[in-house]
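Enquirer: Note that the protein sequences, when read in sequence, are chains A and B. Residue 9 is where the first sequence starts when you use our numbering, and the numbers rise one by one after that. Residue 25 is where the second sequence starts when you use our numbering, and the numbers rise one by one after that.
Calculated directly from the structure, the hints in this document are not laboratory data. Just so we're clear, the structure is a prediction, and the values are computed from it rather than from any experiment. Any given hint could turn out to be false.
[Unchecked claim] Using 25 Å as the maximum straight-line C-alpha spacing, the simulated SDA-like pairs for lysine to any residue come out as follows:
hint, chain 1, residue 1, chain 2, residue 2
1, B, K94, B, K398
2, A, K126, B, Y161
3, B, K398, A, Q147
4, B, K94, A, Q218
5, A, K126, B, K40
6, B, K398, A, M130
7, B, K380, B, K136
8, B, K309, B, E263
9, A, K126, B, W305
10, A, K30, B, P442
11, B, K93, B, R74
12, A, K126, B, R437
13, B, K93, B, S109
14, B, K40, B, G132
15, B, K102, B, Y31
16, B, K309, B, R332
17, B, K398, A, L241
18, A, K240, A, Q162
19, A, K168, A, G188
20, B, K270, B, Q235
21, A, K126, B, D394
22, B, K380, A, E236
23, B, K398, A, Q218
24, A, K126, B, R360
25, B, K380, B, S367
26, B, K380, A, K30
27, B, K398, A, P101
28, A, K168, A, P101
29, A, K126, B, S109
30, B, K136, B, Q235
31, A, K165, A, R212
32, A, K126, A, A146
33, B, K380, A, K240
34, B, K380, A, P101
35, A, K126, B, G132
[Said to hold, decoys possible] Computed footprint of chain A on chain B, listed as stretches where at least three residues anywhere in the stretch have a Cβ under 8 Å from a Cβ of chain A:
hint, region
36, 205 to 217
37, 413 to 427
Quick reminder that beta carbons are idealized off the backbone N, C-alpha and C, glycines included.
Residue-level listing of the chains:
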Amino acid sequence: MFVAGVDVGSTTTKAAVLDENKHIRALSLVDTGANVVRAAERAFREALRQTGLEEWDISFTVGTGYGRYRVPFGNLQVTEISCHAKGACFLLPLTRTILDIGGQDTKAIRVNEHAEVKDFSMNDKCAAGTGRFLAAAAQVLGLELGALGAVAAQARKPLKITNVCTVFVEQEIMMHLARGCQVEDVLAGVHSAIAGRSVALLRRVGLEEQITFTGGVARNSGMVQALEERLKLKLNVTPESQHIGAIGAALFAWERTARGETEKETHPSGSSSIPTGGT
Amino acid sequence: MADNYQYQGTGRELQKELLSQWYQRLEDAPQNGTPVAYVFISGNICELLRSFGFELVFPEVNALQCGIKKVAGDFILKAEDLGYSSDVCGYVKNDIGLATSGNRGPFGTLPKPDLLVCNYSGCNTYIKWFEALAELYGARLFLLDVPYRRTGETQRPEDLDYVVAQLEQLAAVCAGITGRRYDADRLSEALALSRAAEDLWVRILESARHQPSPFDAFFEAVFFMAPIYVLRGTRECLEYYQAAWKEIEERIQHGMGPVSQERFRVVLEGPPPWPHFRTFWELFKRWGVCCVASTYSKVGGIWDFGLRHDPARPLESMAEYALNCYTNWDWTLRRRMLERYVSDYQADALVIHSVKSCRSFSVGQADVRDYFSKERGVPTLFVESDLADPRYFAEAQIRNRIDAFFEALEHRRVAAAPPVG
Chain A
9 MFVAGVDVGS
19 TTTKAAVLDE
29 NKHIRALSLV
39 DTGANVVRAA
49 ERAFREALRQ
59 TGLEEWDISF
69 TVGTGYGRYR
79 VPFGNLQVTE
89 ISCHAKGACF
99 LLPLTRTILD
109 IGGQDTKAIR
119 VNEHAEVKDF
129 SMNDKCAAGT
139 GRFLAAAAQV
149 LGLELGALGA
159 VAAQARKPLK
169 ITNVCTVFVE
179 QEIMMHLARG
189 CQVEDVLAGV
199 HSAIAGRSVA
209 LLRRVGLEEQ
219 ITFTGGVARN
229 SGMVQALEER
239 LKLKLNVTPE
249 SQHIGAIGAA
259 LFAWERTARG
269 ETEKETHPSG
279 SSSIPTGGT
Chain B
25 MADNYQYQGT
35 GRELQKELLS
45 QWYQRLEDAP
55 QNGTPVAYVF
65 ISGNICELLR
75 SFGFELVFPE
85 VNALQCGIKK
95 VAGDFILKAE
105 DLGYSSDVCG
115 YVKNDIGLAT
125 SGNRGPFGTL
135 PKPDLLVCNY
145 SGCNTYIKWF
155 EALAELYGAR
165 LFLLDVPYRR
175 TGETQRPEDL
185 DYVVAQLEQL
195 AAVCAGITGR
205 RYDADRLSEA
215 LALSRAAEDL
225 WVRILESARH
235 QPSPFDAFFE
245 AVFFMAPIYV
255 LRGTRECLEY
265 YQAAWKEIEE
275 RIQHGMGPVS
285 QERFRVVLEG
295 PPPWPHFRTF
305 WELFKRWGVC
315 CVASTYSKVG
325 GIWDFGLRHD
335 PARPLESMAE
345 YALNCYTNWD
355 WTLRRRMLER
365 YVSDYQADAL
375 VIHSVKSCRS
385 FSVGQADVRD
395 YFSKERGVPT
405 LFVESDLADP
415 RYFAEAQIRN
425 RIDAFFEALE
435 HRRVAAAPPV
445 G
């Protein structure tokens, strides 16, 4: 028995395939681009290709992320908040707080020992403090996203970035560069600004150890360092950090299959079809 | 079958009819020579003004009508063109845009005011709003200063005396404008009608204690509460609540409610996002959510806590009423109210809809969220948009928060339920 999870994010789309023992059999990642349906299909097919499986071998698929309703082959949609909680607690069972920094969303999620979401908080109508903020900085500084952490680590005099707007931060960076500031010092300032906003979100839900950092930005070592410095705590980061939402979605699919459900269900909420066990 | 459900839809239909008749009277006021007063909803002293023959305009109601009819955005932009900042209250900007567009909205043309009664209850922006209107229309402005109910204390007698003294002054101003004398009998008659309508309105609100609730105390209450805010003290208002109660009674008899299957009961704090009212409601309905109590339905008066207008104490009871609308209570009192609603109405969660352009009322909501979620263990959802400005409503984000919140509540229910099979 195999199950799949597809996480259609604003920037990238991820897919995960699990087997009946909940072993991760494949993880894939593609750029979302403008066609959300195609992105979901491409990520799914890439995961299938890695395993040598066919579509009909997958008994249940859960879609998550902003594009979850556009996963045409999905049996169920679950929000990325539930999926990140599920995935993070599966990989790191001592997780009690999750920080997920994605392309346009930053979320702080507090969970209990059963991986149930107790509280969550997200950035509001503004991409400051998200991956997009880093991408804007990287573009102005002429750096690849993957290189940001290493460059920021060389900072000697990190600058204070005061702007909280993803658009106007570019002007602020240009101003610092025009004044002759070092790229690494500017970049360290950008990381520190994002860390500040993320920690405020974490405190809103109540910080409880262990903290697991998920989402694409968790791959940036500079961001991990900036957060750890501010929190004075160690963060859990796994190699699968960017795929945790997809893994969580696949785990929801696994639970459904274990309960013997394979048919696509319709639910009044249109989102989750977990029975309420009552009326 | 049809006989079984003879009253369904009465509350909404009759409310619509009453409001359209009222707006027609407003449109006709200038040619009929009827004096017109503008007044705010919260703690309004409409019985006193009507006893002098005034027709009443409520600018907040006009603003919400523009919001729900999706023309608020244009009026707001017009006000911004005139120099109002994007941070100014959406209601204010909507009204300024409307007033400078010939006062013509989706409800018809509004008459100019002969008197502006700024019954300042908790919102300091409102003073500036009516100052602007006074300048625009060259109308007389009366500031009814209602002291804030502060620090959770009991009612101060000097606050009551202070408001009563102002009501006496206001009566003299009304007499000067209309040429009519203060008529205590006429006022007491109106207050008796108010009181009877208040009894019925409380009965409707408290019907939400039933499980399932026959009534949505937020999404439906916004329609059902209109007559008691704008037409209180009239016979048509009382008759409205008699008819509306029949509808609720019938729903109780048949176990009917606003959602086909009630799965979650919530208490809601904050006003609706008017330009996206239906979308917002649907986002909750699809989860089987019924709002069993709300604070927004109390901005015009907290009658479910025992307060009533009293024909035997006309000015005093009007002053008590003005002092005790939701917007005039401090956060200690509001928090106690929310606590009581959560327990009395057996709610599963608290939902806070915060208003971006209203700092006066949104400022304490983060603390309320912390208190309920961290200290009381009540799951609390916080979403933010605006009551009037359509630009602040981001559907994808709001939907995601609502879905994630009820998904988590449902997961917990499933986990807590005994295993099946």
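Enquirer: Please go over all the hints and tell whether each is borne out by the structure.
Expert: Hints and how they fare:
Of the supplied pair hints, the one linking K94 (chain B) and K398 (chain B) is violated, its CA atoms being roughly 38 Å apart against a limit of 25 Å. Of the pairs offered as hints, the one joining K126 (chain A) and Y161 (chain B) is violated, with about 53 Å between alpha carbons and a cut-off of 25 Å exceeded. Among the hinted pairs, K398 (chain B) with Q147 (chain A) is inconsistent with the structure: their alpha-carbon atoms are about 41 Å apart, more than 25 Å. Distance check on the hinted pair: K94 (chain B) and Q218 (chain A) sit about 47 Å apart at the alpha-carbon level, beyond 25 Å; violated.
Distance restraint check for K126 (chain A) and K40 (chain B): the Cα-Cα separation of roughly 42 Å exceeds the 25 Å cut-off, and the hinted pair is therefore not satisfied. In summary, the hint linking K398 (chain B) to M130 (chain A) is supported, as the alpha carbons are separated by about 17 Å, within the 25 Å threshold. Under the criterion of a C-alpha separation no larger than 25 Å, the hint pairing K380 (chain B) with K136 (chain B) is inconsistent with the structure, at around 30 Å. Between K309 (chain B) and E263 (chain B), the direct Cα distance comes to roughly 30 Å. Violation of the 25 Å bound is thereby established for this hinted pair.
For a cut-off of 25 Å, the pair hint linking K126 (chain A) to W305 (chain B) stands: about 24 Å separates their Cα positions. Between the alpha carbons of K30 (chain A) and P442 (chain B) the distance comes to roughly 24 Å, so the proposed pair stays at or under 25 Å and holds. Of the pairs offered as hints, the one joining K93 (chain B) and R74 (chain B) is violated, with about 28 Å between alpha carbons and a cut-off of 25 Å exceeded. Distance check on the hinted pair: K126 (chain A) and R437 (chain B) sit about 12 Å apart at the alpha-carbon level, within 25 Å; holds.
Of the pairs offered as hints, the one joining K93 (chain B) and S109 (chain B) holds, with about 23 Å between alpha carbons and a cut-off of 25 Å not exceeded. With a CA separation close to 14 Å, the supplied pair K40 (chain B) and G132 (chain B) stays within the 25 Å bound. Simply put, K102 (chain B) and Y31 (chain B) have alpha-carbon atoms about 42 Å apart, too far for the 25 Å limit, and the pair is violated. For a cut-off of 25 Å, the pair hint linking K309 (chain B) to R332 (chain B) is broken: about 33 Å separates their Cα positions.
Among the hinted pairs, K398 (chain B) with L241 (chain A) is consistent with the structure: their alpha-carbon atoms are about 22 Å apart, no more than 25 Å. Annotation: proposed proximity of K240 (chain A) to Q162 (chain A) holds, straight-line Cα distance about 20 Å (limit 25 Å). A hinted pair counts as satisfied when its Cα atoms are at most 25 Å apart, and K168 (chain A) with G188 (chain A) qualifies at roughly 15 Å. Distance hint between K270 (chain B) and Q235 (chain B) is fulfilled; the C-alpha atoms sit about 18 Å from each other, no more than 25 Å.
For the hint pairing K126 (chain A) with D394 (chain B), the CA-to-CA distance comes to about 13 Å; that is within 25 Å, so the pair holds. Taken as a hint, the K380 (chain B) and E236 (chain A) pair is broken in the structure, with Cα atoms around 32 Å apart against an allowance of 25 Å. At most 25 Å may separate the alpha-carbon atoms for a hinted pair to count; K398 (chain B) and Q218 (chain A) meet this at roughly 18 Å. Taking the CA atoms of K126 (chain A) and R360 (chain B), the gap is near 23 Å; set against the 25 Å cutoff, the hint holds.
Proposed proximity of K380 (chain B) and S367 (chain B) is contradicted: the alpha carbons are some 29 Å apart, above 25 Å. At most 25 Å may separate the alpha-carbon atoms for a hinted pair to count; K380 (chain B) and K30 (chain A) exceed this at roughly 44 Å. Proximity of K398 (chain B) to P101 (chain A) is assessed by CA-CA distance (about 23 Å); at most 25 Å being required, the pair is judged to hold. The straight-line distance between the Cα atoms of K168 (chain A) and P101 (chain A) is roughly 36 Å, outside the 25 Å bound, and the hint therefore fails.
Between K126 (chain A) and S109 (chain B), the direct Cα distance comes to roughly 38 Å. Violation of the 25 Å bound is thereby established for this hinted pair. At roughly 47 Å between alpha-carbon atoms, K136 (chain B) and Q235 (chain B) are farther apart than 25 Å, so this suggested pair is violated. Using a Cα cut-off of 25 Å, the hinted pair K165 (chain A) and R212 (chain A) is violated, with the two alpha carbons roughly 30 Å apart. Taking the CA atoms of K126 (chain A) and A146 (chain A), the gap is about 35 Å. The hint is violated against a cut of 25 Å.
At roughly 33 Å between alpha-carbon atoms, K380 (chain B) and K240 (chain A) are farther apart than 25 Å, so this suggested pair is violated. Distance hint between K380 (chain B) and P101 (chain A) is unfulfilled; the C-alpha atoms sit about 38 Å from each other, more than 25 Å. A threshold of 25 Å between alpha carbons decides the hint, and for K126 (chain A) with G132 (chain B) the separation of about 49 Å lies outside it, so the pair is violated. Three residues within the 8 Å Cβ limit are the bar, and the region 205 to 217 of chain B against chain A gives 0, so the coverage statement is violated.
Coverage of the region 413 to 427 of chain B by chain A holds. Counting CB-CB distances below 8 Å, 7 residues qualify, and the rule asks for three or more.
When the structure is compared with the earlier hints, violations turn up for hints 1, 2, 3, 4, 5, 7, 8, 11, 15, 16, 22, 25, 26, 28, 29, 30, 31, 32, 33, 34, 35 and 36 and for no others.
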